[in-house]
Each structure stands twice: as structure tokens, then as C-alpha cells.
Amino acid sequence: NAGVTQTPKFQVLKTGQSMTLQCAQDMNHEYMSWYRQDPGMGLRLIHYSVGAGITDQGEVPNGYNVSRSTTEDFPLRLLSAAPSQTSVYFCASKHGSGGAPADTQYFGPGTRLTVL
Amino acid sequence: KNQVEQSPQSLIILEGKNCTLQCNYTVSPFSNLRWYKQDTGRGPVSLTIMTFSENTKSNGRYTATLDADTKQSSLHITASQLSDSASYICVVRGFTGGFKTIFGAGTRLFVKA
Numbered sequence: 001n002a003g004v005t006q007t008p009k010f011q012v013l014k015t016g017q018s019m020t021l022q023c024a025q026d027m028n029h030e031y032m033s034w035y036r037q038d039p040g041m042g043l044r045l046i047h048y049s050v051g052a053g054i055t056d057q058g059e060v061p062n063g064y065n066v067s068r069s070t071t072e073d074f075p076l077r078l079l080s081a082a083p084s085q086t087s088v089y090f091c092a093s094k095h096g097s098g099g100a101p102a103d104t105q106y107f108g109p110g111t112r113l114t115v116l
Numbered sequence: 117k118n119q120v121e122q123s124p125q126s127l128i129i130l131e132g133k134n135c136t137l138q139c140n141y142t143v144s145p146f147s148n149l150r151w152y153k154q155d156t157g158r159g160p161v162s163l164t165i166m167t168f169s170e171n172t173k174s175n176g177r178y179t180a181t182l183d184a185d186t187k188q189s190s191l192h193i194t195a196s197q198l199s200d201s202a203s204y205i206c207v208v209r210g211f212t213g214g215f216k217t218i219f220g221a222g223t224r225l226f227v228k229a
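Those protein sequences? They're chains P and U, same order as listed.
Counting from 1, position 48 in the first sequence corresponds to residue 48 in this note's numbering; the numbering is continuous, with no gaps.
Counting from 1, position 33 in the second sequence corresponds to residue 149 in this note's numbering; the numbering is continuous, with no gaps.
Chain U extracted, bound-state conformation (with noise of 0.2 Å):
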């Protein structure tokens, strides 16, 4: 199984629409969790990161929540725009037989005109 789960796999939207990208993670324990876009042909750029002690950290139109309780963090998108057409990756960090940074698929989000 996966230490780090995103879902879903991919997901269309309407320019202008919100939505929701999931991240479940197993690492524990859990150093901090990053957020990348990653643009077709690119490689990923961090959008946030947050460690244990913070549950809320935005970017812009970004905002990513963290339950560490629940090991689950979410990207919350704001009015969406063509651009935000990409691929996201959820990344934690932890101890899993040393410490490791550990990466999900990814989320391919498609935004429409």
C-alpha cells in the first residue's frame, strides 16, 4: 500500500469553480507535508509546506490544510483559473525506516473555459 495516497486521480472543472484535492498519508512520524504543481512538461514547483504544528498555510488561491491526527491534508483551489491546469503532488516527509521524503501520484486537474 502506498505510505501517501492522493485522491482523486483526476478531476475536470470549470474555469471560475473551486475544488478540493485529497491527500491520506501512513508516514509516521511525520516531519512536514509539501504541495507541488507540476505543469505538463515541467518539473514540480512547491506550492506550501507544513510542518506538524500548523493546520492551515495558503498561497494566493492555494490553501492546503493538514489534520495530523487523521493523517489527511487537502489543496483547496480558489476560482480556478486555465492555468491552474496541471498535475498536484502531495510530499510528506517522515520517519519510515529512516527518514525519507516520500511522494504521491499526483492529482491531474483539468480546468475548462
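Just chain P, with the same shape it has in the complex (with noise of 0.2 Å):
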């Protein structure tokens, strides 16, 4: 299993840009998330999915926007990039949207993300 995959590994955006961060794993997990990382804070939910057709808001979702019309595919776009949303974002899944102990969530490798 390649387990969660994102893409791209690096981008930099001009302020009004817009793009889209791919992300997609192979484990068939229903519960899908995307999280930004900034120095000195903890990663922070952006939005979430509980399944194919299934999406809410986490804690800063503002600029973002989610879909996810299958069970592998979660990608996140930004509408018209700002420098505030330079960060590194990781996608994860895991197998249920409660949280049961046994039901870790695997991270992909990150993109970073700098907007100028």
C-alpha cells in the first residue's frame, strides 16, 4: 500500500492564485482531513470528510474549499491564494470518523505551500 499520497511536494503561489492540493490513499478509509502546520502552533483542521459525498468545516476552513466524490480522493483548493495561507498542509485518513483508540490516522508527506 502506498498509504496517503499528496501532490505536489512544493508550490509557490502569486497573491489571487488558485489551486488545488491533491490528496489520495489506498486503505479505504471513510474519514478523510486536511490540516495546515505553522511554526510554533499545532497542526490545525481545515476541513474533513466522513465519507464519498461528505464534507464539513474544521477550525480555519476560510479560503478552502473540499470535495470528495470518491472514497480515495480528498482534494483541497484555495480559491485566491493569500500570503497568510503559507503553511505546510498535510492530508490523513483513518478508517472511522469517531474516536476510538485503535483508529490511527496516517499522515501523507506534506506540501509546502508559499504564497507571494
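In case anyone wonders, no lab produced these hints; they're calculated from the structure.
Any given hint could turn out to be false.
[To be verified] Pulled from the structure, derived: some chain P residues nowhere near chain U, Cβ distances all over 10 Å: (1) Ala-2; (2) Val-4; (3) Thr-20; (4) Met-27; (5) Ser-69; (6) Thr-71; (7) Asp-73; (8) Gly-96; (9) Leu-116.
[Unchecked claim] Here are the computed distance ranges between Cβ atoms for each label pair: (10) Asn-28/P with Leu-127/U: 37 to 43 Å; (11) Leu-198/U with Gly-16/P: 39 to 45 Å; (12) Thr-167/U with Met-41/P: 22 to 28 Å; (13) Arg-44/P with Ser-144/U: 33 to 39 Å.
If you're wondering where the values come from, they're calculated on a predicted model, not measured in any experiment.
Heads up, the beta-carbon is just placed ideally off N, CA and C, and yes, glycines get one too.
The task is to assemble the complex, starting from two chains supplied on their own in separate frames and drawing on the hints.
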């Protein structure tokens, strides 16, 4: 299994540009999520999905859109990039949407985004 | 105030030495606590998980402890290796305006030869 994969690994955007960060998992996990990681802060939840066709907002959803048309894929769209969106973005997946201790969350390798 | 506080922010130790990383949390009620290891340029990987009824969990040279009464956890690394150089993140799941998972900012560990 490849686990959770993300593309691209690095990206530089200009303010106002849009782009999509790709995320895929091959573990047949129902739950997928996007986080951003900023220096000196813990990972913060942007959006999540509990299954195909179902998405919801996390802690910091503004400026981002998601969709979940298949179990495997969960892309994150930046609508109009701003310098405040400069961050490292992680996609993650786990089996269920509950907080069962045995249900480990698996993270992708991350996308480092810089907005100029 | 952060609901999950980790200390120290960074730590340098010599290869072969032991170290202990701390995590204090205010999330209540508490469900479970995980420690993750994050290598530079990679995503976090789960090391240990403990529920409120557990007070210690080991994974090789990594031993996590939990005191649910004082809301403190520690991660002890024994006989450190160069490959232990990474960030260690404490993650608490509990009820804070709904069930949520709160990530600490991490402790950056450098192991030197």
C-alpha cells in the first residue's frame, strides 16, 4: 500500500492565484482530513470528510474548499491565495469518523506552499 | 491559552543519552492521548496511544506515561539514536465544544553524535 499520497510536494503561488492540492489514500478509509502546520503552532484542521459525498468545516476553513467524490481522493482547493496561507499542508486518513483509540490517523508527506 | 502545551520547545542531547518530553493539557473530559513522531519534511507517525484508564505505554525505546488527574503526559526516550532527531507531537482527544482532537506545537529534538 502507498498509504496517503500528496502532490505537489512544493508549490509557489502569487497572491490571488488558485490551485488544488491533491490527496489520495489506498487504505479504503472513510475519514479524510486536511490540516495546516505553521511554526510554533499545532496542526489545525481545515476541512474533513466522513465519506464520499460528505464534507464539513474544521477549525480554519476560510479560503479553502474541498470535495469528496470518491473514497480515495480528497482534494483541497485554494480559491484566491493569500500570503497568510503560506504553510505546510497535510492530508490524513483513518478508518472511522469516531475517536476510537485504536483508529490511528495516517498522514501524507505534506505540501509546502508559499504565497508571495 | 493553548489546550495542549508541550515543553521544552527544543532539546539537544548526545547520542546514547535518555530524555523526557512533557505534555500538559486542559482538555476535559479527556478521551485519549497520542504521541506522534514527525521527521523533517514528513508527516507525523503515531508512536503511542493511551486512554484515560492507562498510565504507561511503550513502543521500543519510547515510553509514554499519563497522569489523568494532573492532566500531564511525558514521553521518555531511552538510549537515544541519531534517527530520533525529529519533532514529537502530543495530541489529545476530548470534549471541548464537541469532541475534538487538539495538537500540541511539538518538541524539536536534536540528537548529536
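Going down the list of hints, with the structure as the test:
No beta-carbon of chain U comes within 10 Å of the beta-carbon of Ala-2/P; the shortest separation is about 13 Å. A beta-carbon of chain U is positioned within 10 Å of the beta-carbon of Val-4/P; the least distance is around 7 Å. Once the 10 Å rule is applied to beta carbons, Thr-20/P is consistent with being away from chain U; the minimum gap is 19 Å. A cut-off of 10 Å between C-beta atoms confirms that Met-27/P is not in contact with chain U; the least separation is 14 Å.
Look at Ser-69/P: its CB is around 23 Å from the nearest CB on chain U, clear of 10 Å, so calling it non-interface holds up. Once the 10 Å rule is applied to beta carbons, Thr-71/P is consistent with being away from chain U; the minimum gap is 20 Å. Against the 10 Å criterion, Asp-73/P stays outside the reach of chain U, whose nearest CB is about 17 Å from its own CB. With 10 Å as the threshold on Cβ separation, the claim that Gly-96/P sits away from chain U holds: the shortest Cβ distance comes to roughly 13 Å.
With 10 Å as the threshold on Cβ separation, the claim that Leu-116/P sits away from chain U holds: the shortest Cβ distance comes to roughly 21 Å. Between Asn-28/P and Leu-127/U the Cβ separation comes to about 39 Å, which falls inside the hinted range of 37 to 43 Å. The beta-carbon spacing between Leu-198/U and Gly-16/P, approximately 44 Å, falls within the hinted interval of 39 to 45 Å. Our hint of 22 to 28 Å for Thr-167/U and Met-41/P holds, since their Cβ atoms are close to 26 Å apart.
Separated by about 20 Å at the C-beta atoms, Arg-44/P and Ser-144/U break the suggested range of 33 to 39 Å.
In summary, the structure is inconsistent with hints 2, 13 from the numbered list given earlier, while agreeing with the others.
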